[in-house]
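For reference, the chains in residue letters:
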Amino acid sequence: MNERVAIVAWAQTAYEACKPHQRVQEMVYEVVKKVREQTGLKFSEDGTGIDNAITASDDIWDARTISDTPVGDVVGAHHRSEEKVGQDGAQAVFYACAGILSGHYDVTLVVAHCKESQPASRNLITNLTFDPFFQRSLGLDYLSAAALQARAYMDRYGISPEQCARVVAKSYNNARGNPLILRARELSVDEVIRSPLIADPIRELDAYPVTDGACALILAREEKAKKITDKPVWIDGMGNAYDAYFLGDRDLWDCQSLKLAASKAYRMAGIKDARKEIDVAEVSAFYSYQELLWTEGLGFCPPGEGGKLLDSGATKISGQIPVNPSGGVLVGSPTIVAGMARVIEAAIQVRGEGGSRQVSKVRTALAHGTSGPCGQLHTVLILKG
Amino acid sequence: MSRKRNVAIVGIGQTYHKSHRPDVNQVELVHEAVRAALEDARLSMKDIDCVVHGNMELFEGIHQPDMWHVDGDGGFLKSGFRLSTGGTTGGTLVSAADHLVASGLFGVVLAVGFEKQEEGHTTTGITAMADPLWGRTLMTGAISGVRAGLLVKEFGERAELAAARLRVKAADNALKNPFAHLKLKITVDDVMKSRLLAYPMRLLHMCPESNGACALILAAPEKAREISKKPVWIKDHVTVHMEETFYRGGPQRIVPSMDVAAKKLYQRNGIKNPLKEIDVFEMYDPSSWWELEWMEYFLQLKHGQNIDLVEEGATEIGGRFPINPSGGVVSTNPIGATAMIRVAEAALQVRGDAGKHQVPKEVRMAMASSFGGTLWTILHLLTREVEA
Amino acid sequence: MEETWCYQVSGKLEIPYRYFAGEFLSRFFVELRDHKKILGVRCPTCAVVFFPPRSICGRCLSPLGEWVELGDTGTLQSFTVVRYSEPTHPLQAPFVLGLIKLDGADTGMLHLIGEAELSALRAGLRLRAVFKEKREGEILDILYFRPEPVAKEAGR
Amino acid sequence: MEQKPNLIEKQITMSIPCTFSTGPYMGRFLREIRENKRFVANKCPQCGRTMLPPRIVCALCNVEAGEWVELSDRGTLISFDVVSIPTINPMTGKMREVPYATGNVLLDGGDATLWHFLEEKDPSRIRVGMRVQAVFREEGRTGAITDILHFRTIEK
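Residue numbers (our numbering), protein chains in the order written: chain W, 2 to 386; chain U, 55 to 442; chain P, -7 to 148; chain G, 1474 to 1629.
Bear in mind the hints are in silico, worked out from the structure with no lab data behind them.
Incorrect hints may appear among the rest.
[Unchecked claim] Straight-line distance between alpha carbons at most 25 Å, and here's what the computed SDA-like set of lysine to any residue pairs gives:
(1) W:K43 to G:P1518
(2) G:K1483 to W:S138
(3) P:K29 to U:P76
(4) G:K1483 to P:F123
(5) G:K1483 to U:E263
(6) G:K1629 to G:I1551
[Claimed, not checked] Far from chain U by the CB rule (all over 12 Å, computed), these chain W residues:
(7) A18
(8) A121
(9) D156
(10) R177
(11) I199
(12) K309
(13) K317
(14) G386
Owing to the predicted nature of the structure, the values given are computational and were not obtained by experimental measurement.
For every residue, glycine included, the Cβ atom is placed at its ideal position computed from N, Cα and C.
If we strip away everything but chain W, and leave its shape as in the complex, we get (with noise of 0.2 Å):
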């Protein structure tokens, strides 16, 4: 590809359980004005400023139809464009690309946003996915899906309730680097383990907490890039893949549209040993498990072996391949919002922007994000200098 992207600045909202003083708008206004400030950019299609805008988030979340009209004045979408992406951000970030790609728009205004503490409860919103004859009124929703996945990859390569633990106290402190991350603390493994089960094997501390939250960036053609920054990020490969619907359609311990997913956007980027040449990783683990069954489909370490490559130190921040030095997902990222965050989180860490959570020679970066129940959507980038 001749043709490159940049990301050329991002901003993010806290990450807290609850934001009562903010509708979504002004959420997002929050972060499309931080991002504005950063680059000076006006909205106009004359060339010099923003020309189109991609927003993530979703009608049901959000209990309003075409949950993009709320948000249109902020991304200075009247009398332009604007189009929703009903999905997890990194797609989003992913299809925004692919028009400035195509030649259309040279610089785009990305923004996701979810508030999870709107509705009484994410389970109410997960369970409308299931098709309404086999699974909807068995009571499915992604938790107890995400159970019934992490019960599967754990019986199947005996993984451990303490790596899951582990996965989780890494995450909690890690964010004690991100000041972002509102409930960041020192977390022990053995205080995950003493949390309640909430759908067997998965205990509360296993599961990401109910967040509010929104954020921005702008992406811009390379030669656009280059004049509004002196350090843009380049988005250098991307790939995306869906599995099968049905959970009993699926071998729930193999990720295969990850697999698939990971390998579109290594051979994009160049990439030919994802364990050597990619120096951090922030995946969209909504679950402990998943950040030990996603790091086995992105190849950091043959199946099954997510647990020991977690044991062995490797993705901690001063590991060979630290993944989620942000924190991630667990300690607080909406959904939608979450693979949107990755992205930023990556960026941050190729920028050498990340403070206490900075990874040392950050070249090339991996961010993750997933859609759906158990991963059925997932979506790789990969970032470099």
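For this one, chain W is given, so just place chains U, P and G on it according to the hints.
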């Protein structure tokens, strides 16, 4: 719009549209359109690199329906995206497929929009677009007579006759279109005596609620010529949104998106006289009143010329500027697919494959519009030839 | 802007829906309702017997039509004890959801596990369907799957 | 014996209780109605237009609109709809009572219309340009749109 490479529509498929389809579930309905598009392009799913899916969640109450629908849209182990922008969704999906192919990231992209309106409550789903803290208490879907009332105030009975005539035109055209939903033999008198919804909007002026799906396959030039003898090229498209709240009159003048979109499109493509340069137009007409009103903006007419054109019969299938030879949205309306059907029908006209509703003249350039959100517009411009 | 102006309002989003299984799937539910039979469908191209049945193979997009009667017994593949409560749940928590590979099927069925000691749950457990007396043509016409007595397990 | 259907349907009502945040803009607007029975709008510092209900930015100018103006509770009817078709209200899941009339009222002192109910439901007695006044609920205002009962015709 500058583009890295050209993109063509090489496969067109839609379902029959009906108000009751108990014979299929959602996956099967989506699949009907996908299969039709694949057959039209003589492709198999192996040839497709990416699937773009869209509809509105609250119409069927399915969260992230692209997950379930992979079993019918062919998305299994494929790349894919789900986009949803209200009534414009079908148009957004076409634009998305164009972006994805033009970017060089994908060679052949399948876009599918669908709605099974009977499974939910269309008006209720639309009402949920209003602010839950204010307008949602007041709103009843998209039924409003306000804009139509302004036309009547200014043009009197001429406006009422013109709107009725447009509805009869749509009905006559729909009778020629095997896929159309409502097949009515009606007169101007029938329209003007149909049940009053919100004065002067009557039942027959409004679009129906349909079950249906539409799929298009888009490909890059080399592949497009290999697949199709008659690729239809996407010359340009423009998306224009409006602010969060509907414009409701008053001293604040807000330029409608239809006007902004048309000006942008015509300027970029050097179109000076759309009536002469564009051969056929498939307009997203949620009601015949809006077809009448929006003609003025889309075709950049002098104020009142829209009524003259209708009286002249210019927009009828054999007229000098046919609008909606398919029968339009007042005949067929599966909302997540509706805007894509406009593009699909315009593409059929360019190919000369519209059968009984083919306009009796040469079609080199066709335009399609999408409508949604708070009066948003997308315009697609399709051509038979393409500059390399 | 001052936060003092902000407050929160209780509301809800409530819409009734009516879903159609379609002709193909209706056959499955009618057989379940009227004859306590559990049907799957075979994809000859992929050589897979699917549960749930479906009219299109999601893997190869072939139209499917070869019905296969599956056993009312099967093997537990994975399970979870749901310990939280939601109005969407069919039973009071705690209850058990399992993925069950029915005899004769290649893909797993999601259903409830009943009459089971939680400590005895494990992959590989043999299960048998317990049907509802008054069946309506829905997946909950199967009340749940219960573990088979251990002695019978040896004979499989 | 009753005839059982051979085409299977399933009815499910989606019901999601929600807690909506007002944020400072809508919050101030609603609180002024609740506490002071008065209307306030925010104003764009660039183009000077007012917004009803208030929103954080002026979409036309892309600037934050933080200035506030008080508007009269009287105004002129700009347009109206009389709705006679009963449809399900997504905030309750129940049918709305019909007929009901809504109007867009240009409140004195501003340049944006406010959308609300009209007391008059007979279309022959509603005229664009007529003068109307808000009728506030006297007891038990909660900071919701329903704190205003409707707009009453004060001058034809």
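Quiz item: A18 of chain W: least C-beta distance to chain U exceeds 12 Å?
Solution: holds (21 Å)
Quiz item: For I199 of chain W, is the shortest beta carbon distance to chain U beyond 12 Å?
Solution: holds (21 Å)
Exercise. Take a quick look at K309 of chain W and tell me if its Cβ sits farther than 12 Å from every Cβ on chain U, holds or violated.
Key: Label holds. Min Cβ-Cβ 28 Å, cutoff 12 Å.
Quiz prompt | Given as non-interface: G386 of chain W, partner chain U, CB spacing beyond 12 Å | solution = Label holds. Min Cβ-Cβ 22 Å, cutoff 12 Å.
Quiz item: Taking 25 Å as the top limit, are the C-alpha atoms of K29 of chain P and P76 of chain U close enough?
Solution: Holds: K29 of chain P and P76 of chain U sit about 23 Å apart, inside 25 Å.
Quiz item: Regarding the assertion that K317 of chain W does not contact chain U, is the least Cβ-Cβ distance greater than 12 Å?
Solution: holds (33 Å)
Self-check item: No chain U beta carbon within 12 Å of R177 of chain W's
Solution: holds (33 Å)
Quiz item: Does A121 of chain W really sit off the interface, with its C-beta more than 12 Å from all C-beta atoms of chain U?
Solution: Its Cβ never comes within 12 Å of chain U, the nearest being 14 Å, so this holds.
Quiz item: If you draw a straight line from the CA of K43 of chain W to the CA of P1518 of chain G, is it 25 Å or shorter?
Solution: Holds, because 17 Å separates the two Cα atoms, which is no more than 25 Å.
Practice problem: Quickly compare the C-alpha distance for K1483 of chain G and S138 of chain W to 25 Å and report which way the hint goes. | Solution: Answer holds: K1483 of chain G to S138 of chain W is near 10 Å, not above 25 Å.
Practice problem: With a cut-off of 25 Å on the C-alpha distance, tell me whether K1483 of chain G and F123 of chain P pass. | Solution: holds (19 Å)
Quiz item: Quick one, are K1629 of chain G and I1551 of chain G close enough, alpha carbons at most 25 Å?
Solution: With a Cα-Cα distance of about 13 Å, the restraint between K1629 of chain G and I1551 of chain G holds, given a limit of 25 Å.
Violated hints are absent here; each numbered hint is respected by the structure.
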